[in-house]
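Number of protein chains: 2
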Amino acid sequence: MDAAEFRKSGKQMVDYIADYLEKIDKRQVFPDVEPGYLRPLIPDCAPQDPESFDDVFKDIEKIIMPGVTHWHSPYFFAYFPAASSFPALLADMLCGGIGCVGFSWAASPACTELETVMMDWLGKMINLPEEFLAGKDGQGGGVIQGSASEATLISLLAARTKTIRLVQSEKPELTEADIMGRLVAYASDQAHSSVERAALIAGVKIKNVSSDDKFSVRGSALKKVLDEDKASGLIPFFFCATLGTTPSCSFDKLLELGPICNKENIWMHIDAAYAGSAFICPEFRHLLNGVEFADSFNFNPHKWLLVNFDCSAMWVKKRSDLIGAFKLEPLYLQHHHHESGLVTDYRHWQIPLGRRFRSLKLWFVLRMYGVRGLQEHIRKHIRLSHQFEDLVLQDERFEICAEVVLGLVCFRLKGSNELNKELLKSINEAKKIHLVPCHLREKFVLRFAICSRVVESTHVEFAWQHISQLATDLLKAWEQNHHQQHQQ
Amino acid sequence: MDAAEFRKSGKQMVDYIADYLEKIDKRQVFPDVEPGYLRPLIPDCAPQDPESFDDVFKDIEKIIMPGVTHWHSPYFFAYFPAASSFPALLADMLCGGIGCVGFSWAASPACTELETVMMDWLGKMINLPEEFLAGKDGQGGGVIQGSASEATLISLLAARTKTIRLVQSEKPELTEADIMGRLVAYASDQAHSSVERAALIAGVKIKNVSSDDKFSVRGSALKKVLDEDKASGLIPFFFCATLGTTPSCSFDKLLELGPICNKENIWMHIDAAYAGSAFICPEFRHLLNGVEFADSFNFNPHKWLLVNFDCSAMWVKKRSDLIGAFKLEPLYLQHHHHESGLVTDYRHWQIPLGRRFRSLKLWFVLRMYGVRGLQEHIRKHIRLSHQFEDLVLQDERFEICAEVVLGLVCFRLKGSNELNKELLKSINEAKKIHLVPCHLREKFVLRFAICSRVVESTHVEFAWQHISQLATDLLKAWEQNHHQQHQQ
Numbered sequence: 002m003d004a005a006e007f008r009k010s011g012k013q014m015v016d017y018i019a020d021y022l023e024k025i026d027k028r029q030v031f032p033d034v035e036p037g038y039l040r041p042l043i044p045d046c047a048p049q050d051p052e053s054f055d056d057v058f059k060d061i062e063k064i065i066m067p068g069v070t071h072w073h074s075p076y077f078f079a080y081f082p083a084a085s086s087f088p089a090l091l092a093d094m095l096c097g098g099i100g101c102v103g104f105s106w107a108a109s110p111a112c113t114e115l116e117t118v119m120m121d122w123l124g125k126m127i128n129l130p131e132e133f134l135a136g137k138d139g140q141g142g143g144v145i146q147g148s149a150s151e152a153t154l155i156s157l158l159a160a161r162t163k164t165i166r167l168v169q170s171e172k173p174e175l176t177e178a179d180i181m182g183r184l185v186a187y188a189s190d191q192a193h194s195s196v197e198r199a200a201l202i203a204g205v206k207i208k209n210v211s212s213d214d215k216f217s218v219r220g221s222a223l224k225k226v227l228d229e230d231k232a233s234g235l236i237p238f239f240f241c242a243t244l245g246t247t248p249s250c251s252f253d254k255l256l257e258l259g260p261i262c263n264k265e266n267i268w269m270h271i272d273a274a275y276a277g278s279a280f281i282c283p284e285f286r287h288l289l290n291g292v293e294f295a296d297s298f299n300f301n302p303h304k305w306l307l308v309n310f311d312c313s314a315m316w317v318k319k320r321s322d323l324i325g326a327f328k329l330e331p332l333y334l335q336h337h338h339h340e341s342g343l344v345t346d347y348r349h350w351q352i353p354l355g356r357r358f359r360s361l362k363l364w365f366v367l368r369m370y371g372v373r374g375l376q377e378h379i380r381k382h383i384r385l386s387h388q389f390e391d392l393v394l395q396d397e398r399f400e401i402c403a404e405v406v407l408g409l410v411c412f413r414l415k416g417s418n419e420l421n422k423e424l425l426k427s428i429n430e431a432k433k434i435h436l437v438p439c440h441l442r443e444k445f446v447l448r449f450a451i452c453s454r455v456v457e458s459t460h461v462e463f464a465w466q467h468i469s470q471l472a473t474d475l476l477k478a479w480e481q482n483h484h485q486q487h488q489q
Numbered sequence: 002m003d004a005a006e007f008r009k010s011g012k013q014m015v016d017y018i019a020d021y022l023e024k025i026d027k028r029q030v031f032p033d034v035e036p037g038y039l040r041p042l043i044p045d046c047a048p049q050d051p052e053s054f055d056d057v058f059k060d061i062e063k064i065i066m067p068g069v070t071h072w073h074s075p076y077f078f079a080y081f082p083a084a085s086s087f088p089a090l091l092a093d094m095l096c097g098g099i100g101c102v103g104f105s106w107a108a109s110p111a112c113t114e115l116e117t118v119m120m121d122w123l124g125k126m127i128n129l130p131e132e133f134l135a136g137k138d139g140q141g142g143g144v145i146q147g148s149a150s151e152a153t154l155i156s157l158l159a160a161r162t163k164t165i166r167l168v169q170s171e172k173p174e175l176t177e178a179d180i181m182g183r184l185v186a187y188a189s190d191q192a193h194s195s196v197e198r199a200a201l202i203a204g205v206k207i208k209n210v211s212s213d214d215k216f217s218v219r220g221s222a223l224k225k226v227l228d229e230d231k232a233s234g235l236i237p238f239f240f241c242a243t244l245g246t247t248p249s250c251s252f253d254k255l256l257e258l259g260p261i262c263n264k265e266n267i268w269m270h271i272d273a274a275y276a277g278s279a280f281i282c283p284e285f286r287h288l289l290n291g292v293e294f295a296d297s298f299n300f301n302p303h304k305w306l307l308v309n310f311d312c313s314a315m316w317v318k319k320r321s322d323l324i325g326a327f328k329l330e331p332l333y334l335q336h337h338h339h340e341s342g343l344v345t346d347y348r349h350w351q352i353p354l355g356r357r358f359r360s361l362k363l364w365f366v367l368r369m370y371g372v373r374g375l376q377e378h379i380r381k382h383i384r385l386s387h388q389f390e391d392l393v394l395q396d397e398r399f400e401i402c403a404e405v406v407l408g409l410v411c412f413r414l415k416g417s418n419e420l421n422k423e424l425l426k427s428i429n430e431a432k433k434i435h436l437v438p439c440h441l442r443e444k445f446v447l448r449f450a451i452c453s454r455v456v457e458s459t460h461v462e463f464a465w466q467h468i469s470q471l472a473t474d475l476l477k478a479w480e481q482n483h484h485q486q487h488q489q
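Chains A and B, in that order, give the protein sequences.
The opening position of the first sequence corresponds to residue 2 in this note's numbering, with each subsequent residue numbered one higher.
The opening position of the second sequence corresponds to residue 2 in this note's numbering, with each subsequent residue numbered one higher.
Everything labelled a hint here was simulated from the structure, so no lab data went into it.
Treat the hints with caution; some may be incorrect.
No distinction is drawn between identical chains; accordingly, a pair holds when it is met within one copy or between any pair of copies.
Pairs of lysine-lysine residues, derived as PhoX-like cross-links and limited to a Cα-Cα distance of at most 20 Å, are as follows [stated by the list, open to error]:
| hint | residue 1 | residue 2 |
| --- | --- | --- |
| 1 | K224 | K422 |
| 2 | K163 | K206 |
| 3 | K163 | K319 |
| 4 | K9 | K24 |
| 5 | K444 | K224 |
| 6 | K125 | K318 |
| 7 | K422 | K433 |
| 8 | K432 | K318 |
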């Protein structure tokens with residue numbers, strides 16, 4: 002395929018994507034396929050000779066689409082949103098076209114520099130303390146990671162290195178293995194599984210800190226476990242606070258936790274993967290209060306800020322902590338400006354070496370929506386979640402299971418977990434909308450997350466009517482069953 | 002921006018990318034900018050109100066392009082190739098348009114299943130042993146990682162978990178920390194820095210194994226260090242063999258190393274990041290002989306197989322080893338088909354949770370080039386590297402520093418490292434072509450890597466004439482200096 006053919010097929014693809022997104026509400030949100038559906042539909046091995054674009058293009062509807070879960074459907078209320086917008090798609094096309102690999106400043110200066118400046122823009126939008134910004138000669142700065150998991154891992158690794166060095170300077174008789182065996186990381190019992198995974202990767206212990214009845218970690222709960230662990234000779238070194246937990250969008254109490262971490266020399270990382278985007282609205286910024294105590298902070302514009310996956314925004318107060326954890330400098334990666342101090346080599350800030358020109362997506366989205374456009378998007382979602390909450394509250398058969406702060410509603414039928422599992426099953430088998438569950442303590446709970454860029458009040462209304470009807474049917478069948486069992 | 006505007010601006014972007022790539026040889030391969038060039042060119046913060054696509058579009062040439070290193074220019078001979086092709090760009094557009102996040106089977110069945118099947122296609126293209134393929138009920142299988150660094154890290158972590166469990170089952174008195182402190186990973190002294198980094202992340206020791214005079218690790222070298230380490234109570238657990246090292250594209254001797262690793266119960270991972278693509282040509286497949294001894298194997302189609310970054314292909318013989326290293330199952334990620342055995346949840350195979358629909362790129366590229374088209378691409382590059390090698394060999398002032406096997410030529414002026422540093426400096430300051438150096442033992446060496454999809458014999462010829470002329474100028478100046486110093 003040459004440039005001329007690409008002009009033609011590229012435009013065909015642009016129209017296909019526009020059609021797909023424009024009419025996505027007409028597609029069934031969750032696919033009908035069973036595991037293993039795809040293999041029989043395509044050959045066993047790659048063709049020896051080239052096929053035409055038309056052949057491949059036809060197979061998109063035939064082979065791919067029947068197996069796609071449509072994350073951007075206005076009937077998709079599962080997980081958390083995956084961001085998607087036209088400006089981000091345009092930027093990603095450009096990113097692919099340029100196709101540079103920006104692991105160092107010299108490997109493509111624009112790729113590095115736009116990222117530094119965009120992370121400053123974004124940091125200012127959520128009013129991050131100045132220490133987190135790169136500015137002209139700041140010690141902090143931002144970086145685009147692929148995912149919140151990587152941001153958590155990188156910050157935990159930086160904390161591990163920093164602590165090992167500190168302990169060794171105080172107690173030179175201890176080996177690295179001795180210290181590693183005593184390090185403990187902490188996170189809420191509501192924290193995302195990626196935090197536990199980061200500790201597993203780093204080879205250190207991790208402990209859950211109990212959350213309170215609003216699913217928030219309080220200072221007292223952290224202090225209790227720290228005191229116990231220190232008394233038994235362990236070395237607490239890392240706490241991951243969550244703003245907007247995955248199960249219920251609860252918020253750890255930064256203003257209580259931050260001072261404890263600072264006093265105890267514990268690295269505080271804040272994972273605000275979903276909730277972070279809301280902080281661009283002044284009325285939600287208070288949820289971030291206490292970030293001034295943190296060492297690192299992360300949220301995912303690729304969740305809720307209309308920047309397509311992947312774009313996870315991470316900031317640190319001291320870039321030297323990240324870089325110091327890893328810096329390795331083979332000759333083929335050194336360059337002339339290497340020691341200048343004005344240059345950022347982002348490969349020292351992340352797990353992989355290679356990196357795409359992802360800041361283009363931020364640049365396009367922030368400019369083509371403007372701060373106000375993005376605030377509107379966030380506010381619409383939060384308005385819709387409260388609409389759903391109100392509908393649930395008006396129905397006595399149901400209960401709300403956690404405070405609705407942003408775009409997530411946790412709800413259930415009053416009654417057993419079995420009943421609620423049945424309800425979710427009937428919802429997802431009907432495939433008119435798509436939800437996933439969570440556990441809150443012992444309760445099996447349904448999560449209703451406002452996800453799509455194009456979801457409107459009517460879709461929420463439809464979803465509720467549908468759920469409500471399925472509940473009626475279910476309760477009737479349930480009662481009949483119960484009645485029959487009683488008679489037997 | 003709505004779908005209608007996207008149709009318009011998307012097509013404009015397609016033309017821009019086609020223009021960019023069609024005329025990339027007219028652009029200076031390496032930019033003129035100094036560090037910090039970009040910040041003064043754009044505002045301090047994001048705009049409050051939306052800007053138009055036209056405003057943003059104009060800034061691409063004004064702000065971005067002056068700072069881009071043009072990786073796809075036929076005058077780019079640095080690092081290793083970054084793949085780029087029109088079919089891959091089309092597939093990436095579609096990937097963005099669908100915008101699903103495929104962390105589990107249910108999150109988008111097509112995303113998971115196409116990946117499994119494409120990895121089988123690709124595995125068959127390089128004639129991987131059947132054990133590495135997923136097939137219908139295989140224990141192995143392939144996964145697309147973001148980078149070779151991640152593949153190395155994941156395999157090292159799987160090996161770490163496996164070894165800790167094994168040692169603990171034999172010696173229950175040992176704690177995990179005790180064992181961690183005694184684990185040792187190994188790689189060639191020529192291995193990529195990401196291997197050392199993986200060990201740093203995992204918190205285990207890593208040792209270099211000395212390579213021979215052809216920069217290859219031999220069985221005897223590995224055996225020597227293993228024997229020493231075992232005698233001193235350490236636990237060897239992981240060896241990363243490299244096929245196609247970054248400095249000189251040398252090959253570790255798999256047929257000697259594999260049996261040792263198998264006998265000693267050491268996980269052998271093969272990193273063939275660059276070289277792997279060449280194994281689709283039967284005449285180069287012998288370089289992969291010995292892969293049958295490996296536990297995991299990785300190469301980067303995003304380097305040399307015309308699939309745009311990121312697409313790093315990794316296979317394992319036992320998927321349970323990868324999954325067992327991490328598996329964590331919160332409720333919101335469980336799904337109906339969870340336990341069926343037919344379902345792959347790729348999030349257990351990788352560091353991040355989220356993942357894009359990257360297998361579309363493989364599907365488009367393999368079909369639209371066909372195996373023969375991709376073989377032609379590889380063979381052209383290798384022909385061109387030998388062309389350059391011949392030119393160097395015809396000039397008595399120069400020497401070839403390592404066997405030219407694939408698309409990389411390591412060469413230098415006979416003489417001091419200082420002289421060669423000066424030569425590289427004059428090449429890169431002239432900015433007609435772009436190269437990076439390496440060290441081979443004590444020698445400072447220039448790396449000439451065939452990179453661009455559109456590089457032809459004339460570009461190689463030009464590059465050599467240019468280097469040769471710069472060498473003439475440099476040697477003259479050098480001699481004059483020497484003469485003057487002699488006279489003083």
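query: Hint by hint, which ones does the structure fall short of?
result: 1, 5, 8
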